[in-house]
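Asker: Residue-level listing of the chains:
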Amino acid sequence: MQPLKRLLIALLLVGAICQLSFVAFTKQVEKYEVHNTERLRELLLNHTYYDLIFLGSSRTHFGVNPRIIDSVCGLKSYNAGVEGGNLYEFEMMLKAYLENHPAPRYVVLNFDLHSFADTSRLFNYPVYFPYTSNKVINAYMSDNGYLNTTKEILPFLKLADYDDDTKGVFLKTLAGRTEIAPGDFQYKGYVSNSDVTITNEPPIVRHYQKIADNKRQALDRIIRLCREKKIELTFIYLPEYKREYEQSVTNSDEFFTTVDSFATSNHLQFLRDDKLAINNNPLMFANITHLNREGAQEYSAILAKELQTNL
Amino acid sequence: MAFIPVYILILIFTIIIDYIAGIMIENSQGPKRKRFLIMSIVANVGVLAFFKYYNFFLGNVNDLLHSWHIATHPLPFLGIILPIGLSFHTFQAMSYTIEVYRGNEKAERHFGIYSLYVMFYPQLVAGPIERPQNLLYQFREEHRFDSQNLLEGLRLMLWGFFKKLVIADRLSQYVSTVYENPGHYHYLNLVIATVFFAIQIYCDFSGYSDIAIGAARTMGFKLMTNFNRPYFSRNIQEFWRRWHISLSTWFKDYLYISLGGSRKGVKRMYINYAIVFVVSGFWHGASWTYIIWGAIHAMLIISYVMYRRRFKEKENEGWLRNYFNTIATFAVVCLAWIFFRAGTLSDALVICKHIFGLYHGNAFQLVLLDSRGAIAFTKTALMISFSMIAFLFLTESKLSPPLMGFNKRSYADVVFMAGALSLIVLLGVFQNNSFIYFQF
Chain A
506 MQPLKRLLIA LLLVGAICQL SFVAFTKQVE KYEVHNTERL RELLLNHTYY DLIFLGSSRT
566 HFGVNPRIID SVCGLKSYNA GVEGGNLYEF EMMLKAYLEN HPAPRYVVLN FDLHSFADTS
626 RLFNYPVYFP YTSNKVINAY MSDNGYLNTT KEILPFLKLA DYDDDTKGVF LKTLAGRTEI
686 APGDFQYKGY VSNSDVTITN EPPIVRHYQK IADNKRQALD RIIRLCREKK IELTFIYLPE
746 YKREYEQSVT NSDEFFTTVD SFATSNHLQF LRDDKLAINN NPLMFANITH LNREGAQEYS
806 AILAKELQTN L
Chain B
-19 MAFIPVYILI LIFTIIIDYI AGIMIENSQG PKRKRFLIMS IVANVGVLAF FKYYNFFLGN
41 VNDLLHSWHI ATHPLPFLGI ILPIGLSFHT FQAMSYTIEV YRGNEKAERH FGIYSLYVMF
101 YPQLVAGPIE RPQNLLYQFR EEHRFDSQNL LEGLRLMLWG FFKKLVIADR LSQYVSTVYE
161 NPGHYHYLNL VIATVFFAIQ IYCDFSGYSD IAIGAARTMG FKLMTNFNRP YFSRNIQEFW
221 RRWHISLSTW FKDYLYISLG GSRKGVKRMY INYAIVFVVS GFWHGASWTY IIWGAIHAML
281 IISYVMYRRR FKEKENEGWL RNYFNTIATF AVVCLAWIFF RAGTLSDALV ICKHIFGLYH
341 GNAFQLVLLD SRGAIAFTKT ALMISFSMIA FLFLTESKLS PPLMGFNKRS YADVVFMAGA
401 LSLIVLLGVF QNNSFIYFQF
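Protein sequences appear in the order of chains A and B. The opening position of the first sequence corresponds to residue 506 in this note's numbering, with each subsequent residue numbered one higher. The opening position of the second sequence corresponds to residue -19 in this note's numbering, with each subsequent residue numbered one higher.
These are computed hints drawn from the structure, not numbers from a lab. Hints should not be assumed to be uniformly reliable.
What the hints assert, rightly or not - Short, incomplete list of chain B residues facing chain A, as computed with Cβ under 8 Å: (1) L131; (2) T358; (3) S390; (4) V394; (5) L406; (6) G408.
To be verified - Pairs of lysine to aspartate or glutamate, EDC-like flavour, derived with a Cα cap of 16 Å: (7) A/K656 <-> A/D666; (8) A/K510 <-> B/D126; (9) B/K359 <-> A/D668; (10) B/K359 <-> A/D669; (11) B/K359 <-> A/D670; (12) B/K232 <-> B/E218; (13) A/K693 <-> A/E543.
Don't be surprised by glycine CBs; every beta carbon is placed ideally from N, CA and C.
Model the full assembly from the supplied sequences, consistent with the hints where possible.
Answerer: This is the structure we're talking about:
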């Protein structure tokens, strides 16, 4: 066989193998990620009205149960927390939500110490690939270079963006597993975070966390957008075990001062829940920053009462 | 290590010096020839010493003065960055002047061709360190497009990218997590990380070499083989005949032989081995960890040669003995890699202490967590790694690079290329990881 013919046939084979793998892979991911698929479809493509949206990172995702909030406050809420997100991604989520949904009455924005981090990338961007029909998601994905013409022509190239854990989904689905572990449950964007508890306390590794100007600007835009859409915005800071993470960030005071000053100058509530009694109970946490299943139940009841008083 | 445009001037400086030196050596007689050779070597080694070793020496002098309570103010470090590929092209340039001096090669009169010899882009950054007798003449030949060269070059590049993107960059996640905080991990995690590093550095460096050799091949140039399945070696001497061949032969041809090789007696031969390996370690980086890595290899080689002088090698050792020897050689090479990879000498000693002391203060982690408790290496990554390593060794045990065995087997070739490229797309790690040897 001629060398060029060999190369050409090999390339065609690669195209076929990879495209087939990509189609099979996306189907399996959809099957495995039952929770993420449902919530992102709801948040980014559907049109349902909600009174209250919770924005934030994984701490929000695993820590706020809308079922409890709704039953106490008499509202219809949805948890839109995204893993590893900072203000850049929170802004995207809010805009993308407003693209299809009517504006909610309330948005509760949970901050983390890394919310102002100097990075403008989406933490786990491959999860948004199926939702690029949402104009906002499409724009953010394109601006970051995650989506381009080459990937539109050869969709299987998106496989390069997935990490090993997601690639392993293929085998996990074949074994009949989903991302919701046995004993856990989901409800309107929330998923319970197992019954793991803190058994040992790793030493605190101290580091500096930059408060980036571009994230201050992102927060400013979120505030203006809420004002424009007549959404009542509230800031919160979720519990963390013995405030150990706060101690690990050398400039945590600067962080709280920044959020406080935004809240004060814009007449917004800032509910700091890092000093509640729950913070000292190792049975309520899966790790130092994330509540576990029981912790989320208990904290959601506390938060619901706080919101009932303040909203 | 960095690419800074103005540093091109350094390259131009050494090119001009060596170009002139080559012609002057050829045109001169007697001691003058040696003077021009020394001028060239001093210029090359001087540039290398300044950029690569100046701060290292200064740091050691400061430490020494401090321990003797001599200086109250430490000598200031220079804010210099190592130009990319400096160690490689200075060695390649030196091999030219040495070969001209030895009369094995004629001085190149064409400045453009000589510059191309030093700056030939596929191997400029990390080798293979070429010899003038293998490369210079190829620049004078006409190279027309040849689809066979294109096929052979692309196939080899593909294999190089597979090794780098699918294996090396995946293993590096495990290795860097463990080596960043080695005192924190169970001895089995340290063992896995060390074995992974051995495979990572092989895939990273031989992958780069395959890409370089393949890129040159697509244009019709043939570069020397740099790796020949080193982890299949049955003893340490064989390992060094198969690992980074262009560097080890460079040291053999230009340092070991110049020091007298084995011609001046056994003791002197052992000393020469020691010098060559310690210098080789120092060539890799300005740090005590590299020097110790070189010294360990020197000890291993000397011990092996002493053993062989006493017990002659049999023609056929038997398959069981061969397997044992291969595994033993791999184990000692891994032990030396600890010093090569560790961030500091104390880290390396902690790793050795924990491995040999079977440290289990912290539990073994199948799913590897970093020091902040975040998942750094999942079970899936582990599974992919093991299967791809098995695929690598199976393929290379049948066909060593440059994979010429595929030329006569069309269908196997197509399946191989399609399989390798599909694996890169499906399982590659694309995180802008540069090649390890770019830092040297």
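Asker: Now, for every hint given, state plainly whether the structure supports it.
Answerer: Hints, verified against the model:
Residue-level restraint check for B/L131 holds (minimum Cβ-Cβ distance to chain A is 4 Å; threshold 8 Å). The closest approach between the C-beta of B/T358 and any C-beta of chain A is roughly 5 Å, which is under the 8 Å cut-off, so the hint is satisfied. The restraint placing B/S390 at the interface with chain A holds, with a minimum CB-CB distance near 4 Å, inside the 8 Å limit. Interface restraint check for B/V394: the shortest CB-CB distance to chain A comes to about 5 Å, inside 8 Å, so the restraint holds.
About 6 Å separates the beta-carbon of B/L406 from the nearest beta-carbon of chain A, less than 8 Å, and the hint is met. Given hint, B/G408 at the interface with chain A, holds; its Cβ is 6 Å from that chain's nearest Cβ, closer than 8 Å. Under the criterion of a C-alpha separation no larger than 16 Å, the hint pairing A/K656 with A/D666 is consistent with the structure, at around 11 Å. With a C-alpha separation of about 14 Å, the suggested pair A/K510 and B/D126 falls inside the 16 Å cut-off, and the hint holds.
Using a Cα cut-off of 16 Å, the hinted pair B/K359 and A/D668 holds, with the two alpha carbons roughly 12 Å apart. Note on B/K359 and A/D669: the hinted pairing holds, with a Cα-Cα distance of about 9 Å set against a maximum of 16 Å. Taking the CA atoms of B/K359 and A/D670, the gap is near 8 Å; set against the 16 Å cutoff, the hint holds. Taken as a hint, the B/K232 and B/E218 pair is honoured in the structure, with Cα atoms around 14 Å apart against an allowance of 16 Å.
Of the pairs offered as hints, the one joining A/K693 and A/E543 holds, with about 9 Å between alpha carbons and a cut-off of 16 Å not exceeded.
Violation of the numbered hints given earlier is absent; every hint is satisfied by the structure.
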